[in-house]
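Protein sequences appear in the order of chains A and B.
Residues 11 to 207 (my numbering) make up the first sequence, in order.
Residues 37 to 285 (my numbering) make up the second sequence, in order.
If you are wondering where the hints come from, they were derived from the structure by calculation, not from laboratory data.
Hints may contain errors.
[Stated by the list, open to error] With a Cα cut of at most 30 Å, we get these calculated DSSO-like pairs of lysine-lysine:
no., chain 1, residue 1, chain 2, residue 2
1, B, Lys120, A, Lys140
2, A, Lys88, B, Lys178
3, B, Lys120, A, Lys88
4, A, Lys169, B, Lys78
5, B, Lys124, A, Lys169
6, B, Lys124, A, Lys140
7, A, Lys88, B, Lys78
8, A, Lys140, B, Lys78
9, A, Lys14, B, Lys57
Since the model is a prediction, treat every value here as computed from it, not as a measurement.
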Amino acid sequence: MPNKEGQSYALAAVTPIINGSTHGVIHAAELRSVLARLNQLDVSPFTRVPGTHFARWNVIDDMPQLGFPSQEDHLQSKYLMLEADFDGDRDRWIDGLVTAIPETITALYRHCVGFPGVGSMADFRRYLVKCQLDTTLDFAPYASESLDTVLRSLDAQRKFVGFVQAMQGRSDLELRLAFTDFMKRLREAPTPRPGEI
Amino acid sequence: MPNIDGKAYGFTAFTPMRRWKTPFLRLFFWTVPIISRPLFQKLFSWITLVRSQKLLLELSFIHFARWSIVRHDFWPHLSSAQPKDDTKYDYLMFCSNFNGTWEQYIDAFSAVIPQGMNMICRWSEQFPGAQPITPFLGYIRKVQMDCEYYYGAYPGATASDVRQALRLNGNLQAFADRTAAMDPTQFARAYRDFVVSVQNCLGSTGLDPYIVDWEELLFPGKTRPEDIAVRGLHTPVSVGPVTSDVPAA
Numbered sequence: 011m012p013n014k015e016g017q018s019y020a021l022a023a024v025t026p027i028i029n030g031s032t033h034g035v036i037h038a039a040e041l042r043s044v045l046a047r048l049n050q051l052d053v054s055p056f057t058r059v060p061g062t063h064f065a066r067w068n069v070i071d072d073m074p075q076l077g078f079p080s081q082e083d084h085l086q087s088k089y090l091m092l093e094a095d096f097d098g099d100r101d102r103w104i105d106g107l108v109t110a111i112p113e114t115i116t117a118l119y120r121h122c123v124g125f126p127g128v129g130s131m132a133d134f135r136r137y138l139v140k141c142q143l144d145t146t147l148d149f150a151p152y153a154s155e156s157l158d159t160v161l162r163s164l165d166a167q168r169k170f171v172g173f174v175q176a177m178q179g180r181s182d183l184e185l186r187l188a189f190t191d192f193m194k195r196l197r198e199a200p201t202p203r204p205g206e207i
Numbered sequence: 037m038p039n040i041d042g043k044a045y046g047f048t049a050f051t052p053m054r055r056w057k058t059p060f061l062r063l064f065f066w067t068v069p070i071i072s073r074p075l076f077q078k079l080f081s082w083i084t085l086v087r088s089q090k091l092l093l094e095l096s097f098i099h100f101a102r103w104s105i106v107r108h109d110f111w112p113h114l115s116s117a118q119p120k121d122d123t124k125y126d127y128l129m130f131c132s133n134f135n136g137t138w139e140q141y142i143d144a145f146s147a148v149i150p151q152g153m154n155m156i157c158r159w160s161e162q163f164p165g166a167q168p169i170t171p172f173l174g175y176i177r178k179v180q181m182d183c184e185y186y187y188g189a190y191p192g193a194t195a196s197d198v199r200q201a202l203r204l205n206g207n208l209q210a211f212a213d214r215t216a217a218m219d220p221t222q223f224a225r226a227y228r229d230f231v232v233s234v235q236n237c238l239g240s241t242g243l244d245p246y247i248v249d250w251e252e253l254l255f256p257g258k259t260r261p262e263d264i265a266v267r268g269l270h271t272p273v274s275v276g277p278v279t280s281d282v283p284a285a
């Protein structure tokens, strides 16, 4: 299945934004304003959604127009596209969105047509799946590795570079003892938080 | 800059295709996993298109990328109050997470795998070909859509850093197990051999100098890496100098 590569899943969900305004709130503009505010945060909400490697939101205002001799091709609604690469199962990740960042999801998707709210995980899951755009070809060079493995490996790399530098010119005995201690600390170290490295 | 998070760039593009061409592209995509298999590569690497598949896999600056065919009638219709969209064209969507600048990325596709790019994009309207580079860059500018929000879980690491770290981590654990019972002299010799064998994996993660330079343009002489996150770029503040768990001698 092209959406799935190794243990990673590539999801794209394209949800229609409500046209026009309600009580003076222009939905597309307000949605953009929420996304702009998210960009000001020091810590991304996605750090709280387990297993997320990469994620993005695009607002599709209209299709690109190439000009003559191509025909003009316009959308009648704007669309919000969520695109993400994450570990494991699609349904579990969507449930993770609802559990971890319900305020962000509500602030964005209340401007989209048919948003069922986040009261029921199953309803929101069905909503996004209904709007899912399947991947035709996926390219993920380290798709077999989970986010935890990647973060722990990057942490180990950073620490080992420091170890190699610190150990230059040390005696064999010092090196032996320090390496044993280093590996013990490395195994016991907590996994770095997403966004930390 | 919403397309960028640390060292990662989120690229999104939609290119229009005449509907009758879509099955041909779908067929090509169907063949890619087969062409990419090692045996196929070994037997048929003299075919340019087959070789370009291998080169694509070797483009070391891509974390994740995907192509999706967007059929003209794909657009979700969830309410009778919402007009039903049915575009004149089908579209090819390309999403990618890569390191480096936009020009470097497009330039690499043009220089390294022009045949592969031509095979994928030749079905798209007005595609000028991957070479020469200038019309190709102009075409990509027309079809790209900026991200409104972009996130990467390891913004200080490039795709090469990740691959190297994964390799190093596996080898490090194996080395520790293998040398657990060695005396200090034997261990020191094995350790030096090990460091030489993994020296290509000892890169450093951290801030992208490109972003620091960009900040410098706005605040000349005032930029410190630790200030950048405060300005909302979501670049990690903890990526200071290399640290070690080893206490100082």
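Verification of the supplied hints:
1. B:Lys120 / A:Lys140: 15 Å, holds
2. A:Lys88 / B:Lys178: Holds. Lys88 (chain A) to Lys178 (chain B) sits at ~18 Å (cutoff 30 Å).
3. B:Lys120 / A:Lys88: 12 Å, holds
4. A:Lys169 / B:Lys78: 39 Å, violated
5. B:Lys124 / A:Lys169: 55 Å, violated
6. B:Lys124 / A:Lys140: Holds. Lys124 (chain B) to Lys140 (chain A) sits at ~22 Å (cutoff 30 Å).
7. A:Lys88 / B:Lys78: 47 Å, violated
8. A:Lys140 / B:Lys78: 41 Å, violated
9. A:Lys14 / B:Lys57: Holds. Lys14 (chain A) to Lys57 (chain B) sits at ~25 Å (cutoff 30 Å).
Violated hints for the displayed structure, listed by number in ascending order: 4, 5, 7 and 8.
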